[in-house]
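**Q** With chain Y fixed as given, assemble chain A onto it according to the hints.
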Amino acid sequence: MTTNKVSFLILEKSYVIRSGLLKILGDFPETGKVYELEDSRFLFKVLSREQVDVLIVNAKLTVDLTDVLHKIRNKFDNLKLIIFVGTRRSEDNFPGFDLKISVDEPKTDIIEKLQKLIQKIKPPEKENLSEELSEREKDVVRQIALGKTNKEIGEVLFISTHTVITHRKNITRKLGIKTVSGLTVYAILNNLIKIDDAAQPA
Amino acid sequence: MVITKDTKIADVILKNHNLIPIISRFGIKFGFGDKSIKQICDSYDINADFFLEIVNAFNDKDYLPYRKLREMPLNLTVNYLLKSHYYYNKIKLPFIENLISQLEWKGEDAEKNKSVLKKFFSQYRKEVNEHIINEEKEIYPYILETEKNFLNRNNLNPEFTEKLKTKSITDYADTHEELNSALLDLKNIIIKYLNPPENREITEQVLTEIFRLEKDMADHTELEDKVIVPVAAEMEKELKKQL
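Chains Y and A are the protein sequences, given in the same order. Quick note: the first sequence uses the working numbering, first residue 1, plus one each step. Quick note: the second sequence uses the working numbering, first residue 203, plus one each step.
Pulled out of the complex, with its shape left as it was, chain Y reads as follows (with noise of 0.2 angstroms):
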């Protein structure tokens, strides 16, 4: 599920616009992890080793961090940056940035603007649009439910075990149903097995 989801990283030393902008954040449905940082000492360190789509800046850092961005947007390719500025009226230029909001900004600008910039980065797919299982993986989820192991349902099915993970990661993500007993549940009641063959629940 993780995979459709866009991540943050906020670099702001106020709580309460760090709190502001997680709230706005946290409307939107597509959003991942949003990490916190008070100043740059990690920023680097964050970016290396979180998946981070979206960096904001606050203007105000940006004058120290001039190179620091730079090192940044060389590295991190696909990394989107806001940058968050003071007043609507400043007519400062910010190059290198994908977009600038502002704190006196209404929030339905403030909203358009930030989905626009997330279906810039996640398109809804799709593949997405339709979360029914396709008969292979209809199959799958019948052998599941009658207990048996990855192994045993690549035998069974003359797939790898390797293409049965794949399969279980899918059906994981189209149903939002992660468990054995689960899916299970979801076998029986969409008629893929008869309650009485299922494995578990015991």
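Since the hints were derived computationally from the structure, they do not count as laboratory data. Cβ atoms here follow ideal geometry from the backbone N, Cα and C, with glycine treated the same way. One or more of the hints may lead you astray.
In silico BS3-like cross-links for lysine-lysine, where the CA-CA straight-line distance does not exceed 30 angstroms [as the list claims (entries may be wrong)]:
hint : chain 1 : residue 1 : chain 2 : residue 2
1    : Y       : Lys-80    : Y       : Lys-113
2    : A       : Lys-389   : Y       : Lys-33
3    : Y       : Lys-75    : Y       : Lys-120
4    : Y       : Lys-174   : Y       : Lys-194
5    : A       : Lys-292   : Y       : Lys-138
6    : A       : Lys-316   : Y       : Lys-169
7    : Y       : Lys-116   : A       : Lys-394
8    : Y       : Lys-116   : Y       : Lys-5
Which bits of chain A does chain Y cover? Going by a derived footprint, with three or more residues having C-beta under 8 angstroms, they are [claimed, not checked]:
hint : region
9    : 281-292
10   : 412-423
**A** Then chain A, alone, in the frame of chain Y:
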């Protein structure tokens, strides 16, 4: 809002109803009048500092929690965790199970739906129970023993020294995620895949209770992962140096 000893306990609950089960876990009954937290804790013989840390931590995620809890005797937190085990096992899970058994459907799938949900939940209860037994029989006693020996480290209990040689807190497998996944699955099943039951009110109650339980258990796990386990691990590390 930061809750202090002088805060009226009624105000705490009026502000945040999620704290209701926490307060009842401490044995505090309703009808508190205008009593402050300090007064209530005194009358119930509850450690007020500990009580405050717990309600503040659960009330506001930004309340830098756990630091003070880490400095308090571990048995305070462990006792609290034992009480929430009791609450899950003997109160909340049976309650939800009972709600689920009240769900009704029309048509030919009625029996099937009923039976499959019941089985799922009883399996979940079984897993929760196994998890709790393991914690109460193995993990908590080891943690408390570690603390006891740490406080008395000039005079280690020989039996414990033997344990220390072979055991480590980090060995205890963590099955929290599995239990949490089961709750997520159940939510998805009811919201997305189950034929809607006839009694909507009960269905909503089941869902609400699952969401609450999930939150409660997440807080519970945090206390383990951020307080008792790391504190005991530190002590264990020091003690192992002594071997």
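**Q** Are the hints correct? Go through all of them and say.
**A** So, going through the hints one by one against the coordinates:
no., hint, result
1, Lys-80/Y <-> Lys-113/Y, "holds, 13 angstroms"
2, Lys-389/A <-> Lys-33/Y, "holds, 22 angstroms"
3, Lys-75/Y <-> Lys-120/Y, "holds, 20 angstroms"
4, Lys-174/Y <-> Lys-194/Y, "holds, 22 angstroms"
5, Lys-292/A <-> Lys-138/Y, "violated, 38 angstroms"
6, Lys-316/A <-> Lys-169/Y, "holds, 28 angstroms"
7, Lys-116/Y <-> Lys-394/A, "holds, 28 angstroms"
8, Lys-116/Y <-> Lys-5/Y, "holds, 15 angstroms"
9, 281-292, "violated (count 0)"
10, 412-423, "violated (count 0)"
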